[in-house]
Structures are given as structure tokens and as C-alpha cells.
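In order, the protein sequences belong to chains G and B. Take 1 as the starting number for the first sequence in our numbering and just add one per residue. Take 1001 as the starting number for the second sequence in our numbering and just add one per residue.
Just so you know, these hints were derived from the structure itself, not from any lab. Treat the hints with caution; some may be incorrect.
Within a straight-line C-alpha distance of at most 27 Å, the following computed DSSO-like cross-link-like pairs (lysine-lysine) qualify [said to hold, decoys possible]:
(1) B/LYS1009 x G/LYS41
(2) B/LYS1057 x G/LYS97
(3) B/LYS1057 x G/LYS41
If you anchor each label on the Cβ, the simulated ranges turn out as follows [unchecked claim]:
(4) G/LYS56 x B/LEU1061: 34 to 40 Å
(5) B/PHE1069 x G/ALA69: 40 to 46 Å
(6) G/GLN14 x B/GLY1052: 48 to 54 Å
(7) B/THR1114 x G/GLN107: 32 to 38 Å
Note that the Cβ used here is the ideal one computed from N, Cα and C, for glycine as well.
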Amino acid sequence: ELKVEQNPLFLSMQEGKNYTIYCNYSTTSDRLYWYRQDPGKSLESLFVLLSNGAVKQEGRLMASLDTKARLSTLHITAAVHDLSATYFCAVVLNTDKLIFGTGTRLQVFP
Amino acid sequence: DSGVTQTPKHLITATGQRVTLRCSPRSGDLSVYWYQQSLDQGLQFLIQYYNGEERAKGNILERFSAQQFPDLHSELNLSSLELGDSALYFCASSVGLAGGGMGTQYFGPGTRLTVL
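With the rest of the complex left out, here is chain G:
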């Protein structure tokens, strides 16, 4: 059974600081997604990572994938309040199922 773990679960950080969210998964997969969810809202796709060593960047967020270590990271650079949300990684299982991590609730304060 595929397990997807994220850490930390909660992250409170000051504006302007950098931090990294980690996503570990237990079995081989060929695809990993990062999603963002604002409170009470739907999930918004941020990145899809398709191969070992893949790196994607959008604004202050950068995601990377190491399939050998079964690890993905979401790095936040110079955080701003608008980044406050819950971030999920999700791993594809058997080409059809998307298994979500526990989520990381990020709060950015002045």
C-alpha cells in the first residue's frame, strides 16, 4: 500500500523567510503532483513532476523530485502572506489513483 507522508504538518513562518516542505512516499511512482488548498476551497494544481531530477518553479515556489529517494520537496523563497494555504503532495499509483499526503498547513505572518 502506498503511503505518502509530508512534513511538517504545520508551518508558521515569517514573511521574507525561506522554508522547505518534504514529501516522502513508500513505493515507486512515475508522477508526483503538488496542490494548494485555501481554507474551505478546492484544490489548485501547482506542479506536476514527471521524472527523476525534475525541477519546476513558479514565482516563490520551487518543486523537485528525487525518485530514487522517493522524495519531493516544495521550497518557499521569501514567503509572503498570500502563500498562506495548505499544500498537498500527491503520488500516482498504478497510473490511475492519486494518493494524497497529509498536507502541510502554512501560515505566513508579518
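For chain G, the structure is supplied; the task is to place chain B on it using the hints.
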């Protein structure tokens, strides 16, 4: 706006009742997925349909069922409801591939179900 629509937005019902949640995928998407999000279980994959056929099953209870119609909209039926079924139910859609595999899943706004 992802292009995926779900109705209703909110649903309040009593234990033992049955409800139907509806989802319309993005134009051109053949795959529909259902997820349940609750505080204690997190985001759980329930079931996937591709072009009218069940493609994959997750942690879906026997009291729950789904189907995808010829116009590709999907319905999730929840019966004999229990307090623990209270959750946010999301539908997502993707292009999907006939041989398996999928593109990015785009999520609808969700239906918040409250069972009293």
C-alpha cells in the same frame, strides 16, 4: 475556476438518509474521480470512472456508489448515512487515457455534506 462543476454546494441531512452528489467534468475530459476530505481521514480517493466505465476503486464504502453517464457527468450516491460521513466531497476530472494513465486532475469546488 477549474471548469469542473459540482452540485449542490452544501447538503444537510439526517442519519440513515440517502443523498446524490453531482459532478460535471471539464469539457473534453473523459475521466472523473471522487474524493472525500475529512479532518480525521484527510483526502481519500474513492473511485474513478473513465468514459462511463469504472476504472479504479479506492477506500469507498459499500454504502457508497457512483456512476458516469453517457454525457460524462457523474453522480456519487451515499446511502444509510452516518455521522462520520460528514465531509467535503470533491470531484476531479482529467483527460485520461484509454490504456490507463491520466493527466493532471482538476478539482471542482466540492460539496460539503453534513449529517445530523
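The hints, checked one at a time:
Distance check on the hinted pair: B/LYS1009 and G/LYS41 sit about 11 Å apart at the alpha-carbon level, within 27 Å; holds. For the proposed pair B/LYS1057 and G/LYS97, the alpha carbon gap of about 8 Å is at most 27 Å, so the pair holds. Among the hinted pairs, B/LYS1057 with G/LYS41 is consistent with the structure: their alpha-carbon atoms are about 25 Å apart, no more than 27 Å. G/LYS56 and B/LEU1061 have their C-beta atoms about 36 Å apart, which keeps the hinted 34 to 40 Å range intact.
At roughly 43 Å, the beta carbons of B/PHE1069 and G/ALA69 sit within the given window of 40 to 46 Å. Distance hint for G/GLN14 and B/GLY1052: a CB-CB separation of about 51 Å, consistent with the stated range 48 to 54 Å. A C-beta distance of roughly 26 Å is found between B/THR1114 and G/GLN107, which places it outside the suggested range of 32 to 38 Å.
Taken one by one, the earlier hints fail for this structure only at number 7.
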